[in-house]
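A.B. asks: The lines below spell out each chain.
Number of protein chains: 2
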Amino acid sequence: MSKITDFCLYLCVEQKTKKMFVEDEWNIIEREFDADRQMIAESIFSIGNGHMGQRANFEEAYSGKTLQGNYIGGVFFPDKTRVGWWKNGYPDYFAKVINAPNWTGIHTWVNGKLLDLAKVKIRSFERVLNMKEGTLSKQCEVEMPDKTRLLITSQRFVSMVSVEVGAIRYTIETLNKNCELTIQSFIQSKVFNQDSNYNECFWESVSHKNAKGRIVAVDKTKQNPFGVSQYSLATAIKNDFSAQVSITHKTENLQLNEIATLQLKKGDSVTLTKYAAQVSTLNYEEKSLEKIALQRVEAAEKEGYEHLLKSHKKAWAEKWKMSDIVIKGDVKAQQGIRFNIFQLQQTYTGDDSRLNIGPKGFTGEKYGGVTYWDTEAFCFPFYLSTSPETVSRNLLLYRYKQLPRAIKNGEKLGFTHGAALYPMVTMTGDECHNEWEITFEEIHRNGAIAHAIYDYVTYTGDKAYLVEYGLEVLIGISRFWAQRVILSPIKRKYMILGVTGPNEYENNVNNNWYTNYFAQWCLRYTLETISWVKRVAMEQYQEMAKRISFEEMEVLRWSDIVQNMYLPTDEKYGIILQQDGYLDKEAVTVADLPADQRPINQHWSWDRILRSPYIKQADVVQGLYFFESDFEMDTIRRNFDFYEARCVHESSLSPCIHSVVASKIGNGEKAYELYLRTARLDLDDYNKEAQDGLHITSMSGSWLAIVKGFAGMRVQPNHISFEPYIPKSWKTYSFTILYRNAVLTVKVGKSSVEIRVSKGFVPNLKVYGETYEVKSGETLKVKTKA
Amino acid sequence: MSKITDFCLYLCVEQKTKKMFVEDEWNIIEREFDADRQMIAESIFSIGNGHMGQRANFEEAYSGKTLQGNYIGGVFFPDKTRVGWWKNGYPDYFAKVINAPNWTGIHTWVNGKLLDLAKVKIRSFERVLNMKEGTLSKQCEVEMPDKTRLLITSQRFVSMVSVEVGAIRYTIETLNKNCELTIQSFIQSKVFNQDSNYNECFWESVSHKNAKGRIVAVDKTKQNPFGVSQYSLATAIKNDFSAQVSITHKTENLQLNEIATLQLKKGDSVTLTKYAAQVSTLNYEEKSLEKIALQRVEAAEKEGYEHLLKSHKKAWAEKWKMSDIVIKGDVKAQQGIRFNIFQLQQTYTGDDSRLNIGPKGFTGEKYGGVTYWDTEAFCFPFYLSTSPETVSRNLLLYRYKQLPRAIKNGEKLGFTHGAALYPMVTMTGDECHNEWEITFEEIHRNGAIAHAIYDYVTYTGDKAYLVEYGLEVLIGISRFWAQRVILSPIKRKYMILGVTGPNEYENNVNNNWYTNYFAQWCLRYTLETISWVKRVAMEQYQEMAKRISFEEMEVLRWSDIVQNMYLPTDEKYGIILQQDGYLDKEAVTVADLPADQRPINQHWSWDRILRSPYIKQADVVQGLYFFESDFEMDTIRRNFDFYEARCVHESSLSPCIHSVVASKIGNGEKAYELYLRTARLDLDDYNKEAQDGLHITSMSGSWLAIVKGFAGMRVQPNHISFEPYIPKSWKTYSFTILYRNAVLTVKVGKSSVEIRVSKGFVPNLKVYGETYEVKSGETLKVKTKA
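Listed in order, the protein sequences are those of chains B and P.
Under our numbering, the first sequence has 295 at position 295, and the numbering climbs by one with no breaks.
Residues are numbered in our numbering as their position in the second sequence, beginning at 1, plus a constant of 786.
Chain B extracted, bound-state conformation:
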């Protein structure tokens, strides 16, 4: 993924940063307000439900530094690209997740004076993200300049059940004086993206009105010259006050205010319950938006806050039941992994195959909402093991639906005959990225997309997917590889020239081993799948072959490529070569890097990084991770040791993969060290960029490091296996997975591994190489290996 500022800046895990959050197993708790860290907190305390989500912007007026953010899954704006030097083939637009009208604002005037959290005296402050229940709460005592002290208590959530609905319960209590409160609850339609390339506003207001005490605004994304459909969005709110209030309405600068005035006696309180709904043309016709938004908010109001919250909590309980990882003996680790799982669950719920997992989810603008290879290469296994089959299937369908655009994308780069190159960054299937070395050359992404199909079919056994959708994608991808290779006139081998591998600290190299290996694997897997589909569903196969003009001749060429793919290796060191010529680089390792030059990306010019041997993120090791079973343990170990010594892990996606492989080769210490780099990356803000949003896609890495790393889970076509061990500082850890018709809970302790099958039947469960048959309700117990 090309996110050039996306680096783990820590040089050691034990950072001497100011402790921001209380250690707690289920909650993220902040006990002190720090304006300098408010933007980080806005990211950390974000809430979402896979369809919409917000940064934890205060309801209150706040004149301090803030990044206002409210996002709707799938609603974006095609911003005009900013390019220094144009290259043929560059896309015209960059899809930006759009900052949508804000419904959370509740401003208060106390005796006529605005309560601005950046300006009043804050006597006490607590903010809690309850990960178990999916709520964000705040309690804070403020003192106004006139000494009036108020206690504000608020709670909000966006429903996991009614996914277009959010609600806030907001209470103000006056502690020491009588006072007059003016409470203004509003929708703000005039919102901007800070990352707009040309400082443009992406929205235009369509209408707003007050419909029997319910306020509704309709906004529409501006016209664009790229043929991308405009989105319209209706936002409705309804305010319920617990006390008698006098209400007025006032719209100013596209802020639709409902203003309530009341007198509070000392010790009195008032509670405002605010219901909101946002619906868009992603799901409804433009003309009915306003009506539907009003219906949704009415229904929410009718259901009431408590009921809404109850069903929301229940949905979260279901999610946790399947996806929780329990770590005993290490509260920080426990909090870290739960935070990661919580954020993944908030970002993608898998019930809409048009949505995907944005690298920053609903927590920020940057890269937010768009799709990278992160989804298939890093996140897919998490959803596969913790969610119903339909969820991962929807992730596959997302790419299936975009196949025609991937073919168009290939055509733009000179490929023909249905060759599909999936984009590096996309919202609708159109490529949005514009660095030639990434956009045009980081083609290994095609491999990860094919591999997710393999993963899915192997894990679920749903081979029918191949017949219906999978094979067509595989053929598109294989056609690309077959056209992209060239036969070296010298070596008489198929080569792939001019690529950027996963290690983006090398650009435009020849024969990146990872890419070549993946291309070969794709072709082989496609050939096998063709054979199988022809065997089991000849009719469907023929129909598809005809539709996409697939010819048997192609198969012949593919076989030849599979057999004669060039894979660079070095005999002397007995290692795989990251790319041609890698060993000509300077003989230095990460140990030779002075601390003050790290991360190198912030200290070195790009050419220096490129010609150095330093590796940004798992590359050969990423290949060993994917294709582990193709290699001897010795080969994996030798290559891991060689490349780990040269990898600076300046991508958040890197340490987790190295951690899994370190576990595989029995280097538990290294595995744990690398695990820690991912698990609390944002919570401890290692890379000083949490303020812009969280690293959602790399959060799956912590899950991988535990489940595939420490617990050694592997899935082969006919069995599931584990090779668990436990990090020294942990007492036990346990997790649950869905595997085909079964639910397995794996608990690893110092002395024993217990695998309980709470549902279904697992006929081929391998633990430490031994095969067991475990029935529903049974628990398999074996001794933990050191």
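Just so you know, the hints here were simulated from the structure itself, not pulled from any lab data.
C-beta atoms are modelled at their ideal positions from N, C-alpha and C, and glycine is treated no differently.
Mixed in with the good hints there might be a few duds.
Below 25 Å or equal to it, Euclidean Cα-Cα: the simulated PhoX-like pairs (lysine-lysine) are [unchecked claim]:
| no. | chain 1 | residue 1 | chain 2 | residue 2 |
| --- | --- | --- | --- | --- |
| 1 | P | Lys873 | B | Lys688 |
| 2 | P | Lys866 | B | Lys80 |
| 3 | P | Lys866 | B | Lys87 |
| 4 | P | Lys866 | B | Lys491 |
| 5 | B | Lys493 | P | Lys1277 |
| 6 | P | Lys873 | B | Lys80 |
Covered stretches of chain P, going by a simulated chain B footprint (3 or more residues, C-beta under 8 Å) [stated by the list, open to error]:
| no. | region |
| --- | --- |
| 7 | 1364–1374 |
| 8 | 1390–1397 |
| 9 | 1464–1474 |
| 10 | 1522–1532 |
We have chain B; now place chain P onto it with these hints.
C.D. replies: Using the frame of chain B, we list chain P on its own:
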């Protein structure tokens, strides 16, 4: 040079384009007005004097498509860079040659109706660029809507003697009716750069006034955040009318108008002589600018148009005496080469070491005025042979003065200890370019800058330059190379990884042979120069060594690098390898390229170009051109044949170099074919971009193709030699060169070569390998070889 739209689009030399100009030996003549080609004509008919210059915008009102351009050498604006994805080390600004206030405008109203050349009926039209005298003339008969017919005759020039002064003689004759004329002669201060990155105006008005009938405006470039000094510019004009006129003045929208009204009888005419001066803070203090501009325009007025023109013509006659190339038997070729020489002489006169040769000179904005390696690698030999020594010396001093900034530029990229990396694109020595593969990696430019020093010293014998300035630059450059190489742990040779060679259709390659060879040469030449300087001027050497902390240890490392530089070659094909892995590319040549895919830069995406074997411009061949004497003829031939077959010549700087080498190996037909591609590139607008300005720096290529190619001129430390032949279609060709104290005129005919020494003495003149001694006034005559 990275000018990505700079491509020769022709697919064959014989283009079927509409003929635009009359074939003529000394003039560029346009006999028909074509609005579609006006912008091309504006470029072609540009005039300049090395200090200022203008596109041939009409004096008249013209509402058609136009690119208004008036440029002052050395006066620029640091425009904010536009970058898609920022990289460490990128420069903050891009120096743009600034479009300066326009002094050429003369608008006329005929009976109250504006004479707009885009709208009136043009009954006849002729525009002539007199290259012999350096004037631009126009004669055109127009008919106004009221049927009034007028004959307009104009002539203008910018003085080669008073370089801050320009003048226009402008006559209107009424042919068929009496009429009232209102003539408005003006300065327009509100001018823009069309290539501004963010649509900003770069100027702000300081003052304007009418000083006793002389109008003067002072304008200043806007403030910038880059610490680049602002420039102020004063523009003064004086209008002299040949008839009684009533004068008024009016300033509107920063256009300072002097308006004259008069009545003309049928057959009467009026002549306006307009004198202009532009002076800037490049040469004077801001506070005295206005005064000096007025003085200059007064002096011009006093001298009078005819006298000004006379001295101007004389200056041009001097220039032609030394630099003309006469071709008999081919008017097109004659016109082409003179056009090239004319433009080179207009662009750079060599009397100010702060100025240099912009790729588009004074003919357009794009790349205009900034300095590329073009200067040293392509233009330097022309000035060296056709201008006094001071001219080429000033080109060297330009780089000498910028040495501290080249060192700073090196530091920005991580180099230390006085290592100098000259910028890819610059105005003041600061790097302005911002594509990492060019800015950071096209480092071979450093070699060309060192080579120009070698060229200069070898040609002129002025070895004192080395002591005074040259060695310090050579050491800065060698220090760069010594830090930039790495010792390959495998091959135990010094390598240069991650570069872009002259062939910009390869990026970030390892061991570009041209770069490696040049680095080795630089180090060797610097070592030799150090030895020599120590021998002849130890004191100065020691002073310099101390000043720049030069240590003997450095010399040891350099010797080791010289002896162990890795130079990629292929034994099987017996060729030099353009870079590591070049032969792994697809085995296709230019002959395999379908015509509809050329130029590939306009049809292929960047990755496809990069992985193809196709070469943008001379690369290995550029090295063979520079270091010809290091190689056997067979080696040169084998490599030329191999690489010419793969070179698409999509840079205007490419065919000329291949032409010189083709001449060397006796492939005259190829040499002539390639020569033609350069000689009339802009006149015939092969690449459909003359409208933006001319390819000034590549114009020297035609000179090289004739003098170094057809005539085979070479200079070695102790002799000058020729190996002339004549292209089939030519009867004779001749040219004059300055060589040390001598003036030589070389005339090549079908049967004989005559070399006349009109001044000085040439003790070692080699022709076809024989050495002669030729005295002043003598002519050596030998038989022409076939």
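A.B. asks: Taking the hints in turn, state whether each one holds.
C.D. replies: To see whether the hints hold, each was checked on the structure:
1. P:Lys873 x B:Lys688: Since the Cα atoms of Lys873 of chain P and Lys688 of chain B sit roughly 19 Å apart, the hinted pair holds (cutoff 25 Å).
2. P:Lys866 x B:Lys80: Distance of about 18 Å is within 25 Å: holds.
3. P:Lys866 x B:Lys87: holds (21 Å)
4. P:Lys866 x B:Lys491: Distance of about 48 Å is beyond 25 Å: violated.
5. B:Lys493 x P:Lys1277: holds (24 Å)
6. P:Lys873 x B:Lys80: holds (21 Å)
7. 1364–1374: holds (count 7)
8. 1390–1397: holds (count 7)
9. 1464–1474: violated (count 0)
10. 1522–1532: violated (count 0)
Of the numbered hints given earlier, the model fails hints 4, 9 and 10; all others are met.
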